[in-house]
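Protein chains: 2
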Amino acid sequence: MESVFEIIAEPNRRAILSLLASSQQSVGEIERRLRMPQPTVSKHLRVLRDAGFVQSTVDAQRRLYHLKPEPFQEVEMWLAQFRRFWSAHLDALERHLDRIDQPIQKKNKTRAPHRPNRERDKGEGK
Amino acid sequence: MESVFEIIAEPNRRAILSLLASSQQSVGEIERRLRMPQPTVSKHLRVLRDAGFVQSTVDAQRRLYHLKPEPFQEVEMWLAQFRRFWSAHLDALERHLDRIDQPIQKKNKTRAPHRPNRERDKGEGK
DNA sequence: CACGTATATGCCTATCGTAGTATATACAGA
DNA sequence: TCTGTATATACTACGATAGGCATATACGTG
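Residue numbers (my numbering), protein chains in the order written: chain A, 278 to 403; chain B, 278 to 403.
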């Protein structure tokens, strides 16, 4: 269970991650919402914790699990090398995302948006 | 081998995909560059092809494999739900990416760059 | 301290996926 | 058509992992 990719290959783990994306949850809450046996939940959480996807805080005898960003960034960075292949196909996806995330006019001086390599785009690209 | 995540969980397959990201390759080229036995390459390519990650074109007795975008988009869309968790941590990553990819001044009207949800960024965000 | 709740772990088994090896198929050229 | 090259597939064995079940540990409360 070395790479982040093997971690997210398991459907139940992805379900847990998606659930935690909404907010932190205790083991029992995960168990109930996902209709999963408790040992299964605990074992998957163990894997996720070891891989750095989640972290737990103690609340009496409960453990509240919440997401950690680093492993997702790792997936993101791997994915980045393929971005230029979507350029043609990406517009549809972006229209979708733009409907979720309000457009930012400029102001991207604070943080330049995350974009694929595009050596054209303006004769500037080397 | 149902999901795209299981497909990319295999390190050799990720290597093949990364290689194909530079340009299309024949089976023999992949075999030589990755130092992988030919049946292994063919079998992984079979899996990748069935999953829609790659497609082959015939060139005499060679088969040239190239990437297809759809499955990557699927990973991307799954990843999207976690984007807001990086917001705080993303700046470091972006400074890194900005060192690789030259900043684009504006001109992002052609295609709005792909960005995470960030409801702040300027009082504008909703 | 006994009991109930919450979570983690250990053991066993079944399943699945990969590598390895051999072999089959397809094509090109002499 | 024979030969060499390129790629795909079949078969086997092995290793890893997830699930099920039982049990252990931890904590809180009466």
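These are calculated hints, taken from the structure and not from any lab test. Hints may be right or wrong, so weigh each one.
[Stated by the list, open to error] Per the computed footprint, the stretches of chain B lying under chain A, defined by three or more beta-carbons under 8 Å from a beta-carbon of chain A, are:
1) 285-298
2) 354-361
[As the list claims (entries may be wrong)] With the Cβ distance kept under 8 Å, some of the chain A side facing chain B (calculated, not the full set):
3) Phe-282
4) Glu-283
5) Leu-296
6) Ala-298
7) Phe-349
8) Trp-363
It should be emphasised that the depicted structure is a prediction, and the values quoted were computed from it without experimental measurement. Just so it is clear, CB atoms sit at the ideal spot from N, CA and C, and this is done for glycine as well.
Hint by hint, here is what the structure shows:
For a cut-off of 8 Å, the count of residues in the stretch 285-298 of chain B with a CB near a CB of chain A stands at 7, and the three-residue condition holds. Look at the stretch 354-361 of chain B against chain A: 6 of its residues bring a Cβ nearer than 8 Å to a Cβ of that chain, three or more, so the hint holds. The restraint placing Phe-282 of chain A at the interface with chain B holds, with a minimum CB-CB distance near 5 Å, inside the 8 Å limit. A hinted interface residue such as Glu-283 of chain A counts as satisfied when its beta carbon comes closer than 8 Å to some beta carbon of chain B; here the least separation is about 5 Å, so the hint holds.
Here the hint on Leu-296 of chain A is broken, as its CB sits about 11 Å from the closest CB of chain B, past 8 Å. A distance limit of 8 Å between C-beta atoms decides the matter here; for Ala-298 of chain A the minimum to chain B is near 5 Å, and the interface restraint holds. The beta carbon of Phe-349 of chain A comes within 5 Å of a beta carbon in chain B, closer than 8 Å, and the hint placing it at the interface holds. At its closest, the beta carbon of Trp-363 of chain A sits 5 Å from a beta carbon of chain B; the interface hint therefore holds under the 8 Å criterion.
In terms of the numbered hints stated before, the structure departs from hint 5 and from no other.
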